[in-house]
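Trainee: Below, each chain spelled out in residue letters.
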Amino acid sequence: ELKVEQNPLFLSMQEGKNYTIYCNYSTTSDRLYWYRQDPGKSLESLFVLLSNGAVKQEGRLMASLDTKARLSTLHITAAVHDLSATYFCAVISTDSWGKLQFGAGTQVVVTP
Amino acid sequence: GAGVSQSPSNKVTEKGKDVELRCDPISGHTALYWYRQSLGQGLEFLIYFQGNSAPDKSGLPSDRFSAERTGGSVSTLTIQRTQQEDSAVYLCASRDRSNQPQHFGDGTRLSIL
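For the protein sequence lines, the chains are B and X, in the order given. Read in this note's numbering, the first sequence has 11 at position 10, and its numbers run on one by one without any break. Read in this note's numbering, the second sequence has 81 at position 9, and its numbers run on one by one without any break.
The shape of chain B in the complex, shown without the other chains:
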């Protein structure tokens, strides 16, 4: 059974500093997704990572995938208040009809 672990589960960030969220998964997968969720809102797709060594960047966020280590990271550069949200990684296992197995989510709060 595919398990996805995120850490930390809560991250208090200071504006202007850099932080990393980690996502480990337990079985072979070549598709990993990062989503953002604002309170009371739905999930917004941030990144799609499809191969070993994939790196995607959008603004202050950068995501990478190491399929050999079964690890993805979401790096936040110079945090700003607008990045306060919950971030989920989700993995699709190779035999699963594309269903997403989510991590527990990382709640990010950015303060001045």
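It is worth saying that the hints were derived from the structure and are not from the lab. In this text the structure is predicted, and so the values were computed from the model without any measurement. Incorrect hints may have been included.
What the hints assert, rightly or not - Only pairs whose alpha carbons sit at most 25 angstroms apart, straight line, appear in this in silico BS3-like list of lysine-lysine:
1. Lys-129/X - Lys-4/B
2. Lys-83/X - Lys-42/B
3. Lys-57/B - Lys-18/B
4. Lys-83/X - Lys-129/X
5. Lys-4/B - Lys-18/B
6. Lys-129/X - Lys-89/X
Here the structure of chain B is known, so what remains is to put chain X in place on it, guided by the hints.
Mentor: Same frame as chain B, but now just chain X:
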């Protein structure tokens, strides 16, 4: 274009009643997924449709839950004899090609009194 649309956005009902939740996916998206999100269990897969078929129903928690999809478009998730543990946000997602991200609707917040 239009995103995934779900209705109702909120539903409050008494324990034991039946409820129907509706999902209208993005036009042309053949794959449709239902998930639910609760504080205790996080985000859980319920069922997957490809066209009108459901090749993966493995996440439905009990036989009180059922879903159908008609015309390769709208899907309905039905919960019979609701229980308090059914309280959650039910999310629908659709996607186009297999490597593309799933696009989520705003969800239906279901509260069982």
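Trainee: If a hint holds in the structure, say so; if it doesn't, say that too.
Mentor: Here is how each hint holds up against the structure:
{"no.": "1", "hint": "Lys-129/X - Lys-4/B", "verdict": "19 angstroms, holds"}
{"no.": "2", "hint": "Lys-83/X - Lys-42/B", "verdict": "16 angstroms, holds"}
{"no.": "3", "hint": "Lys-57/B - Lys-18/B", "verdict": "20 angstroms, holds"}
{"no.": "4", "hint": "Lys-83/X - Lys-129/X", "verdict": "24 angstroms, holds"}
{"no.": "5", "hint": "Lys-4/B - Lys-18/B", "verdict": "30 angstroms, violated"}
{"no.": "6", "hint": "Lys-129/X - Lys-89/X", "verdict": "23 angstroms, holds"}
The earlier numbered hint that this structure contradicts is number 5, and it is the only one.
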